[in-house]
Structure formats: C-alpha cells, structure tokens
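Protein chains in written order, with full-length UniProt numbering: chain A, 1 to 337; chain B, 1 to 337; chain C, 1 to 337; chain D, 1 to 337.
Treat the hints as calculated values from the structure; they're not laboratory data. Certain hints may be false.
Where chains are identical, the list cannot tell them apart; a pair therefore holds if satisfied intra-copy or between any two copies.
Derived EDC-like pairs (lysine to aspartate or glutamate); straight-line CA-CA distance at most 16 Å [said to hold, decoys possible]:
hint: 1; residue 1: K312; residue 2: E107
hint: 2; residue 1: K233; residue 2: E203
hint: 3; residue 1: K219; residue 2: D198
hint: 4; residue 1: K219; residue 2: D145
hint: 5; residue 1: K101; residue 2: E326
hint: 6; residue 1: K257; residue 2: E284
hint: 7; residue 1: K113; residue 2: E272
hint: 8; residue 1: K233; residue 2: E266
hint: 9; residue 1: K322; residue 2: D202
hint: 10; residue 1: K115; residue 2: E84
hint: 11; residue 1: K207; residue 2: E336
hint: 12; residue 1: K3; residue 2: E192
hint: 13; residue 1: K115; residue 2: E326
hint: 14; residue 1: K14; residue 2: D65
hint: 15; residue 1: K104; residue 2: D39
In this text, all values refer to a predicted model and were calculated from it rather than measured experimentally.
Protein chains: 4
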Amino acid sequence: MVKIGIIGAGRIGKLHTENICYNVKRAEVVAIADIHMTDEIKRWAESLGITRCYKDYRKILAEKDIDAVLICSSTNTHAPISLEAIQASKHVFCEKPVDLKIDKIMEVIDALKGKKLKYQVGFNRRFDHNFRTIRQAVEKGEIGDPHIMKITSRDPAPPSIDYVKVSGGLFLDMTIHDFDMARYLVNSDVEEVYARGDVLIDEEIGKVGDIDTALISMKMENGTLAVIDNSRKAAYGYDQRAEVFGSRGMLSTSNDKPSTAILSNEKGTMGEKPLYFFLERYMESFRDEMTSFIDSIVNDEPVAVGVYDGLKSVMIGMAAKKSIEEGRPIKILEIEI
Amino acid sequence: MVKIGIIGAGRIGKLHTENICYNVKRAEVVAIADIHMTDEIKRWAESLGITRCYKDYRKILAEKDIDAVLICSSTNTHAPISLEAIQASKHVFCEKPVDLKIDKIMEVIDALKGKKLKYQVGFNRRFDHNFRTIRQAVEKGEIGDPHIMKITSRDPAPPSIDYVKVSGGLFLDMTIHDFDMARYLVNSDVEEVYARGDVLIDEEIGKVGDIDTALISMKMENGTLAVIDNSRKAAYGYDQRAEVFGSRGMLSTSNDKPSTAILSNEKGTMGEKPLYFFLERYMESFRDEMTSFIDSIVNDEPVAVGVYDGLKSVMIGMAAKKSIEEGRPIKILEIEI
Amino acid sequence: MVKIGIIGAGRIGKLHTENICYNVKRAEVVAIADIHMTDEIKRWAESLGITRCYKDYRKILAEKDIDAVLICSSTNTHAPISLEAIQASKHVFCEKPVDLKIDKIMEVIDALKGKKLKYQVGFNRRFDHNFRTIRQAVEKGEIGDPHIMKITSRDPAPPSIDYVKVSGGLFLDMTIHDFDMARYLVNSDVEEVYARGDVLIDEEIGKVGDIDTALISMKMENGTLAVIDNSRKAAYGYDQRAEVFGSRGMLSTSNDKPSTAILSNEKGTMGEKPLYFFLERYMESFRDEMTSFIDSIVNDEPVAVGVYDGLKSVMIGMAAKKSIEEGRPIKILEIEI
Amino acid sequence: MVKIGIIGAGRIGKLHTENICYNVKRAEVVAIADIHMTDEIKRWAESLGITRCYKDYRKILAEKDIDAVLICSSTNTHAPISLEAIQASKHVFCEKPVDLKIDKIMEVIDALKGKKLKYQVGFNRRFDHNFRTIRQAVEKGEIGDPHIMKITSRDPAPPSIDYVKVSGGLFLDMTIHDFDMARYLVNSDVEEVYARGDVLIDEEIGKVGDIDTALISMKMENGTLAVIDNSRKAAYGYDQRAEVFGSRGMLSTSNDKPSTAILSNEKGTMGEKPLYFFLERYMESFRDEMTSFIDSIVNDEPVAVGVYDGLKSVMIGMAAKKSIEEGRPIKILEIEI
C-alpha cells in the first residue's frame, strides 16, 4: 500500500482524496494538510478514516511512513513545496501548472536529478477515454502520418475576476491543458506558435490584462499543422473536442452528454448539452491519472506525464503570449530556459 | 424514345410528367388525359411542350405512336384502365394500389398473361437511397440471415376525412407501402400477420371506420420477425426509418433532413426536422422508379416492381384488417385469391 | 448507517457489495453469506473490511444489528429467503425475478402485509440515465399522450446451455427487464400480449425448450401500442434502446459507447461498438438503485421498484409464453394469481 | 425568357447548360461556344435543342437576342471575355476566379461602372443548403455575435500536376472558395491573414512550387477569429464542414452522405463516406446559383455574389501567399489594388 499525504484540501485535493479512498487500489490517504485547516475539513477527513489533519504541510513531509504527496495547494506554492517534498524523498503528484515561471520549474527538474522519485504532473485529460482513443489510434498508425490537428476547448463560464488576476492568463491557466493535449495526441513537440486573442465576452477580463477568446495555430515538430480555439464562455456548456487528420484517415471526438436521449418535436430534434464542466466531464480521467501515478510507484515505472511535460506546456504558453505581444509567430526555441 | 401518355394530371401525374421531361432519358410525354381537363392543366402541359390534351383517356389508348401509359387517376379506376391499356397493347405504369379488391387485381394479372407488356406498380420507396442501401447489403450477406426487421412509417398530418373515407383504410392506403418495403428489404414474402390498431389522433377517423395508429407484427417466410408501426400524425414530421437485424450485424437508416446543421445553445443541441412529406422525402425515388420503368421497356427486362408485388401488398393489408377484426394472427394463405 | 448483510457472493452480490462500500452513503456491509463460502470470498471481503463471512444465510438473519439484506443467491432461493428475511424483520433488496412462479411471489406479498419493511426488486434499468430521461420527459408531458413504444434489447452472446435450462426461459430471464421497462417508461400496466419467438441463433437453445429471438407486441392499459424485440446474440454487442412516440413528440435513446471517437477512412466513418454487456452498460444504474434502496430505508419512503413490479413482470412473461403456446394474444387478466 | 450563351463547354459549362435546360425557369440556352468545338459537343447541344454552336465566343457576343453569357472557359480568359461581354451589353455569370491578378479584376470592375448589367461570380457554395443554414441563423442572431469560425475543406484527391501548374496555387484555386465562405458565413470582410502551408501529400506538388496542406488563421473585420484548414487529399473523401461559434450559441454542419444507413457489426458502427466530390456534393447549389442569377436579371435585383466578392477572395488569397513567403500575418490593406 502506498501511503499518501494530501497538501491542499480544496476542491481538487478533496476529489483526489476521495478517488484514492474509493477507486484506487494499493494506495491510502493517511494525512491531509491545509493552510486553512477547518473543522469541516476534519470531519470530512474523519468520515474517510483519515485522522492526521495538519495546518502545516511540513508535518506530512516529516512523516517517515508517507511515501508520496499530492500537491493541490495554490499555484504559487507548487514549485517550492515540490522542492521540499523531493528533499524529503517523497514521490510527488503535482497539480498543473508546476509554476508560471520557467526557472522555478527548472529548479524542480534539477532537484529530481539523480533521485529515484516519481514526479507526475496533473494533466488529467491524457487519461480521458475520448482523447486516449485518438492517441492510441495515431500510435497504431490508423490514420497514417498526422497532417492537421484541431482542438476545441471552451468553458461554460468564465472564472471570477479575482481568479483571473492570479491565474497567469488564459494561456497558462486554460490553454495549458490544450497545449499538453496537442503534444500528446500526435506524440510530438511544438515547434512554432502563432496566437490571436481577444476580449469578446467580458470587458472586466480585459481590464485585468487577460483575454477570453483565442485562436492559436502551431507547427508541430513532426510537421502537423495544429489549431486550438478557446473561449471562456460557450452558451451550450463545456466543449471539449479534438480531431486529428492524417494521410490515411481522421479521428475525431465529440462531447460526452448526460444521456443519449433525443427529443423530436415540432421544433426539430434535440439532444442534451455536454456534461457541465471539468469535474463532470473528466471524472473518470481523474481516477485513472491517480491509478497511473500509484502504478508508477508500485511498479517502479516512468510516470505517464512528467515534469518535462509540465515545463513544455508552460513554454508553449509563453510563446503564445509573446506571439500576441509581438504580432508574429514565435519559435519555442525563442523561449529562454 | 419511349412515347408516353399520362392518365390523370393530379399531383402525382404532374410529378411523373415533369420528371420524364427533365430527368428521364429515352422517354417523352406526348399526351395527357384528365377527366377534369382544365385550362390550367393545358397551359402547364404546353409549357412542357405537350400539345395533346384530352378529357378522355381512351384517346390516348387509341393512339398508335404511344408506347406506354402512366395511370395516375383515382384508385377505383386503376384496374379498369389497366385492362383497357393492356388490351390496347400499351406498357403500363400504375400507381399503387392496383385495386382495393383482390379479384380486380387478378383480372389484370390474367390480362397480362402471354402479353409481352411491361406492367410496373408505383412502389417508389424501393428506389429510395436509404432503403435500397439496406436491401443491397442484405443481398450481399453483410448482415447474415435476417432475424428481426423494424419499419417505422409515420405521416406529418392525417389526410382529409373525405380522403380517408375512400382510401381503403390505413392498411391499404398507408401501410401498403410498408408491407411492400418489408417484402423488399429482406427479399421474402409474409407468412402471417398480427395487427393492432387504434384511433388515438382524430376521433373523426374512427367515426368513418378507420384507424390512425397501428402496430403490425409479421412472420416472414424466411423466418424474419418483423414489425411495422404507423401513425397518421408525428409532431416532428414525416418519419421513415427501417432496421434489419441479422446473424452477422444490423443495418438501420434514419430520416433525411433539409440540412446537416446543428444549433447548440443553452437548451441543448438541435437539428432540423425530417424532410416534410413524401414529395420532399422521396423526390429522387420518383425519378429513379420512372427511369427504371423506361429501362425495362427499352431493354426488354423485367420491371423492378410488378403486378404480383401489387397483389401481395394488398393481400397483406387484408390480412392485417382481418387480424384486427378477429383479434388473432392471420396467415396470408387464409386470404382468398 | 444502514447495516447490510449480503446473501450470495456471486458476480452480482460482489458488485452490490463494492458499490455500497465505495459509492453509497449511509450504508455499510457488515456480513456476507454464501452457500459456497471460499477463502477467495473471505479474502475479498476482508479487503473491504468485512469480517463476518458465513456459509449459512440464516446467521445473517439472526443478527440483530443487521437492518437489511440483499438477496443475490440463485433464483429458486429468492422467494424462500425473502420470506425468512421478512420474518426476521429485515428490509430486503431482492434480485430479479422474485420467483418464476406467481404463487411464490404472492406469498412474499402476503408476508409483507402489515409490516413496515422495505422490499425492493432489482430492476436496475429503471435507474439508467437514458431510460430515466425518457420516463421523466413522458411524466412532464413533453411528448403528450404516448401512442407507440419500441424497446430493443439484444445480448452480445447467449448464456451457457446449463444456464438456459434453469433460467425460466427467455421471457422470464431476459425479457422480464424489458417488460418492467415498458411499464416504467409510459407509467402504465400491460393489458394484452402477443408474442412470437424462434430459435434462430443456437439450436441447442431450442433443444432445451427455449427460444433465442422474440418479438412481443403489447397493448398497454393507457392505450400505448408497444413492441419489444429480443435477440440472444447481436454481432455488434449489447443493444439497449427505447423509443416512446406520443401526440406531441418522440423520445428515443441510443446505445452508450466507450468513447465518442469516429474513425473516417476509405471504408467510411466508424464508431465503436456499444459498451459490452450489462455490467459495463448499467454500472451506474446498479449504484443508483442501491442508493435509492438505502434512501427508502433511511427516509422511510416507498421503494422505487416494489414486489408488485416484480409480480407484474412475471405475469407478463407468462402471458407471452402462453401467447406463443396458443398462437393468440393473451390478456394479463387471463394469468391466474 | 432570358436567352443565354454558354462560353466554354467543359465539365462546368455543360453542367450549367443542363441545369438551365432542366431545372431553371425563365431561361433558355440558345448558343454555345467552345474554342475546341467538337462533334461530340454539337450532338450533346442538339439533344438539348441548342442549335447554334460556335468555335468563336465573339459570335455569341455579337448576337442581339442573347441577354446573358456564362463564362466557363479557362481561368486566364475570364477577365478578357468579361470585358468584351460587358462592352457588348451582356449580363455575365463568370466562373471563379475572375482572374488571378488583381489589376485584371479591377478592369472588370471599372468596365461595369455606370452599366446596368448583372455580373455574378461562381461561388456556388453560398447556395449550399448547409452553409446557407448557418448564414441565415447568424443573420437572425441565433448565435449572437460571432466569436470563432472554423472551416474545413479537404479534397478527395489532388488534381493533376499539369493542372496544379496553371491553377494559381492552392490559395487561389481551392481555398478561394473557403475565403469567400468565411466572408459569407459571418457577413464580414477579412482584416488580417496568417497562413502556414506544407507539402505533405505529393512531393511533385512541391516541385512545381505549390503546397497541398494548409492552415490559415484570420481576423475578420467584425472581430471573429477564423481558421480554415485545407488538404488536397482526404482518405475518406470530400470534407466540407463549417462551424460558427458566437456569444449565444454555435452552428455547425457535417458532410452530406449518399445515405443515412449505418452498418453495425463486430467491428463497430459504420456509415458511408461523404458524397464524392464537388459535383455530387454541390449539385443543388449549382442549380440554385443559376436560378439566382436569372432572378437577378428578370427582377433587376443585385446579384447574390458580385465582382467585388470575386476581388476580395483573390486579395485574401494573395495575403495568404505573402504570409507564407514572409512568415508573418498580413493585413488585407497591405495588398495593393
């Protein structure tokens, strides 16, 4: 049994905890730390049989019986806690992004050198049933050489302005998942990025220096021409689709829905909206990424999504930002490590 | 060029005429007869270059240069005009049903014996792109032996009560197409019929002795279990679907629509209603059945849908009627020829 | 917390147990009985924290702290154990069918009289997301008065001949779910049944007196004309669809699939097969039916599927059998209670 | 009746001629000119009742009874013949592109000034049922303000290298339709273009200086971010889709297919490939554009697609070319008129 400490008991920390308790074998959560440890969190932990509840995550790092930690605290703490956890010889699962700054991620990469520790980054969508089916088909050569890739990623509603302010911007907060998906689907790195972005949904987002709508075209190293389109607000809900077109065929996925029911009446034929948001849409992928993390530890195998993937997606995001600032395509090589 | 005379210039007569003029090769309409020949019909005929317009169809039968006639007059005249046309050595395309009475159809069958004349019945749906695809796949063995067949046939709106009165009833007016379709799709005759029918849409239909909703189960001679469901009124429009399930797979078709457009909004995802009614839905099939009739004449080949098919569908309709009257399954053999 | 004893640790017993442990709140499994209690079962139970493992289910019935039992043993034991459990004042969740004989079910009904016990029957499909969506729409009047209902239920592969022998026959083993679904979807009882059945898949099934393909038409008490089609073997896998057509529209559902991925290549556009069989397809419904059972106990509310539903579906199955034997439609009233 | 002369009796010239003869009211083709007038063309013309067949199109321009000409000759002749036809006071329908050079198109624009002549350009896709449905919904405000537009346009097979050489390149030969579609769908001009192109299908195409795969992102004047993706070879055939996403919803279209049939078997669920190529896919749109042209003349109304639209699409194509050459986004304003 892999013994796990959770750092950060917010929404995503709780989700991972419950998944480990109910749905992941060979792992158990033994301790939880949260800078705002409350009675509510304690009661919830107790109901899951978890008795060690701390305010200070360092207590978790100090406990010898804990094998691995999940870093689910706020983004700016990901890298520093990662460094301390590595120092304490804990395996680490770190929510995305590792950090908004490249040098901080590089410090984590350096710290991992020579260590026999697993370090997985929370790009859960790689474990999604739809996207995984595309990747597997691409790997098997079912569509031949990839030529064109289209990723659509639109949220049902924008986050609060307070969140937007500290989010790192659309590209590092939202598109970062799509950048990782692009790399994953065709198993290739990005070579060059050209991005356009605008404020079409909420002027407040513009006032704090961010955008809410974007179209990013990319050249992948394997020659694939790729495009990602983003919106912070789709009237019909969470839109998560991908299409990879190659020399021998195409793979495309559509949105998951609550049911397959179609209502036909005098207005037409009506289906349901997509599953509401990432918690509903990617529920299974969260379970599968955690199982994969535990398997990596138990079987001493490489993690499915490593710190290098965390670095790359941030670099692409920075290239996209720079592309908008300078109004020209940016090569990933132009981003300094 | 096959020279054609049209008998009956109502909606379907005009449709066939225009199809021959515009879309069927090696045929031309040279004369039109209608018991209510009007100036409007004459002007329409003239615009198509047709100058011979008669009140009496016998004038058409008397003209030596006319090779074939299309009988598009009212149902009760189909059989008598067929007999006269055969007598006059004309090839015949007769709208369905040949007659509502079996002995009248038998007279036509007898009259055709020993004659080298083509006689095609207007079961246009056999030429529909969707249903033909099923039939061809069944023939090629793509689904193995057929086990279960489901035909859904629902109209967008019931006909007028005046029409219902003389229609011969739901089974001989509407379901007759579906009976023919059942025989066509699995290339087998019907052995036994069990029908249920009800008046669920319009009480007036019940008052004139007809039904507006029906469910007919059938055992085909090749062992397929089949079901047809009918309604005179589908809120979402004309519903024409079929499904054949066999030992190796299933073929199913859905409705044709005006466009593939889907509107996604806060209510869900919405597609258009099916094409409105038989004129829109089966437009191409009307052209193809006429081309097939002309080809049969020109190439001296058997017609695709003969008088025997016209007979069989009426016999199944009678068995369905009898099944409702007697509350039991009826073998086709019980229907006297 | 509702304390639960499991009777029968086969596939379905284990599934319910794990669901309660992982996914159902306010309930815990405290004891398990199986006539063939093995070390394997004990280890499995222990891994779930369940320490009381018995060969004799009577031990469970004798334990005062146990509130409810799940009867997951073989069909012929359902009724007798139900009676004993009721006698022991346990709430009961009983897998379907309650019994293959009506008088046995009536004994259970009688035993429940005057008792404040919950008795739920395992018609899990009532909790399926697709079918529930139809039922809710029908209840809200979204399709007006139901006129026609079509239920397709086909298995990916027939069970073993040994199972077929003791199954009670297609209608009581397989179609029983569809009979219950018919009653559920339009919220009405069945009035009359006409069934056709055949052996089209495996002659061995015929040799032991059963059928493998069936088409059942029914008249519901509310006037709906309904049809169920069954096959023990669909080449493309588990086929579970329903369609309810009414005066104002239609609701239809299609099969759930492992992913939404479509592969387009020189052969056409290809989607995946449906989820393999009932364990995959109805996974969520098993969880939801158990949650519903526990809720009924905790909130002292009526169960969602009661013993009366268990009785009715068996009566319809018997009417279907009788219909095939006598070659005529059978009214449910003709089945003696 | 509008009397029409056809200039150029190749594939598209014949198609328009037959459409006018069979399917367009208030118009008749009275003369045909082709620089390679053959007996085959003469026989075909005669079968349609057209007796005036010339080698020299100037004979058509000289004939007083001819109201309008269709210029269906090779691309390099479009502009010069347009000028002569305008001089001869004929209405003109000109196949796309008007010319590959902007100054030539400007000459046509100048020649039209002050004339009461109709001049329509052959962007037939504007009359397509799918795309028209999107445009109409956008106009009605059904999706609110457009934010993101995606156009996919892929051919089933590349043209011959000989054709590629004189085609003007992918952007002016193939994408030109998509540029026009982009302007049409959101009713806005293009402001800026960034294009990437590559040779991924056939090296021979690269050797003659063209590309076969492209991804073009555009900023529209109304703020919409748009992307077009092109391939000269899709294994599954002709792929023509569009999606417009706006503040209140999204409209998307999929490909038309020969039938709605789905084959389900042990491999999955399979639909047919899209209609083969533009003649099959856009058959109806060719009829409707011609009807629209005739209506413009008869009712003295503006044409649906004018010379200005012809100009704009060429300018966008040139901007796309320049973008690839210079590796930067190009504003349409940078293209000199």
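Outcome of the hint check:
1. Taking the closest pair of Cα atoms, K312 and E107 come within 16 Å of each other only inside a single copy of the chain (14 Å); across copies the shortest separation is 52 Å, beyond that limit.
2. For the identical chains of this complex, K233 and E203 are intra-copy neighbours only, at 13 Å inside a copy versus 42 Å across copies, given an alpha-carbon limit of 16 Å.
3. In this assembly of identical chains, the alpha carbons of K219 and D198 lie at most 16 Å apart only when taken from different copies (10 Å versus 22 Å within one copy).
4. Only within a single protomer do K219 and D145 lie at most 16 Å apart by alpha-carbon distance; the minimum there is 14 Å, versus 30 Å between protomers.
5. Taking identical chains as interchangeable, the C-alpha atoms of K101 and E326 are never at most 16 Å apart, the minima being 20 Å within one chain and 31 Å between chains.
6. Proximity of K257 and E284 under a CA criterion of 16 Å is satisfied in both settings, with 14 Å inside one chain copy and 14 Å between copies.
7. Taking the closest pair of Cα atoms, K113 and E272 never come within 16 Å of each other, the shortest separation being 49 Å inside a single copy and 43 Å across copies.
8. In this assembly of identical chains, the alpha carbons of K233 and E266 lie at most 16 Å apart only when taken from different copies (11 Å versus 29 Å within one copy).
9. Proximity of K322 to D202 under the C-alpha cut-off of 16 Å is found in neither arrangement, the shortest distances being 22 Å within a copy and 34 Å between copies.
10. In this assembly of identical chains, K115 and E84 lie within 16 Å of each other by CA distance solely inside one copy; the values are 13 Å within and 62 Å between copies.
11. When the C-alpha separation of K207 and E336 is checked against a cutoff of 16 Å, the pair qualifies neither within a copy, at 28 Å, nor between copies, at 36 Å.
12. Taking CA atoms no more than 16 Å apart as the test, K3 paired with E192 passes in neither setting, with 42 Å inside one copy and 56 Å between copies.
13. In this assembly of identical chains, the alpha carbons of K115 and E326 never lie at most 16 Å apart, being 40 Å within a copy and 47 Å across copies at closest.
14. In this assembly of identical chains, the alpha carbons of K14 and D65 never lie at most 16 Å apart, being 21 Å within a copy and 32 Å across copies at closest.
15. In this assembly of identical chains, K104 and D39 lie within 16 Å of each other by CA distance neither inside one copy nor across copies; the values are 34 Å within and 53 Å between.
Consistency with the previously given hints fails for numbers 5, 7, 9, 11, 12, 13, 14 and 15, ordered from lowest to highest.
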